[in-house]
Structure formats: structure tokens, C-alpha cells
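Participant: Please build the complete structure, drawing on both the sequences and the hints.
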Amino acid sequence: MSPHILIDVALDGMDDPDCPPLNEVNVMRIITNLHRDDAITNDELTHYCNRLYAVVDRRTRRVA
1 MSPHILIDVA LDGMDDPDCP PLNEVNVMRI ITNLHRDDAI TNDELTHYCN RLYAVVDRRT
61 RRVA
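Heads up: the sequence shown at position 14 corresponds to 14 in the numbering used here, and the numbers run straight through without jumps.
Honestly, I wouldn't trust all of these hints.
[Unchecked claim] Label-pair restraints from in silico Cβ distances:
1. Val63 / Ala39: 25 to 35 Å
2. Pro17 / Asp38: 26 to 36 Å
3. Asn23 / His47: 31 to 41 Å
4. Pro17 / Thr41: 24 to 34 Å
5. Asp43 / Pro17: 27 to 37 Å
6. Thr32 / Asp12: 15 to 25 Å
7. Asn50 / Leu22: 15 to 25 Å
8. Asp38 / Val63: 34 to 44 Å
Quick caveat, the hints were computed from the structure, so don't treat them as lab data.
As the structure is a computational prediction, the values presented were derived from the model and not from experiment.
By construction, the Cβ of each residue, glycine as well, lies at the ideal position given by its N, Cα and C atoms.
Facilitator: Here's what the structure looks like:
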């Protein structure tokens with residue numbers, strides 16, 4: 001599976017209401033490990049981190 005698809009699936013899963021709490025830690029781990037392994041570039045790292053922050057913000061607002 002391409003690293004981009006793996007990250008997209010993980011990020012899309014974060015919007016699922018049944019997604020476990022604190023799953024963003026696992027998604028961040030996936031993103032950073034792929035970057036460490038040179039599977040994604042610095043620009044892609046920034047892009048995916050921003051997407052993750054947006055998902056976490058939406059989830060936080062839903063709970064509040």
C-alpha cells in the first residue's frame with residue numbers, strides 16, 4: 001500500500017464516530033514513521049500533520 005493511501009485511510013478513519021479516543025497518537029506515529037523512513041517528503045509531512053490537526057479540532061468541537 002502506498003504511504004499516501006495508508007495515511008489517507010488513517011485520517012479518514014478519524015472521522016468515524018466509533019474511532020477510539022486518542023487514536024490521533026497512532027495516526028501521528030504512522031505519519032512520522034513514514035517521514036523518518038523517507039517515504040514522504042517534508043512538505044507532505046506538513047500537509048498530513050495539518051490534516052490531522054484539523055481532524056482533531058473537529059473531534060474536540062464535537063465532544064465539547
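Participant: Run every hint past the structure and note whether it holds.
Facilitator: Outcome of the hint check:
1. Checking the proposed 25 to 35 Å range against Val63 and Ala39 shows it holds: the Cβ atoms sit about 32 Å from each other.
2. Distance hint check: the CB atoms of Pro17 and Asp38 are about 35 Å apart, consistent with the given range 26 to 36 Å.
3. The beta-carbon spacing between Asn23 and His47, approximately 19 Å, falls outside the hinted interval of 31 to 41 Å.
4. Roughly 32 Å separates the CB atoms of Pro17 and Thr41, a value that falls within the hinted 24 to 34 Å.
5. The given range of 27 to 37 Å is respected by Asp43 and Pro17, whose C-beta atoms sit roughly 31 Å from each other.
6. A C-beta distance of roughly 19 Å is found between Thr32 and Asp12, which places it inside the suggested range of 15 to 25 Å.
7. For the pair Asn50 and Leu22, the beta carbons lie near 19 Å from each other, so the given range of 15 to 25 Å is met.
8. For the hinted restraint 34 to 44 Å between Asp38 and Val63, the CB-CB distance of approximately 36 Å keeps it satisfied.
Of the numbered hints stated above, the single one contradicted by the structure is hint 3.
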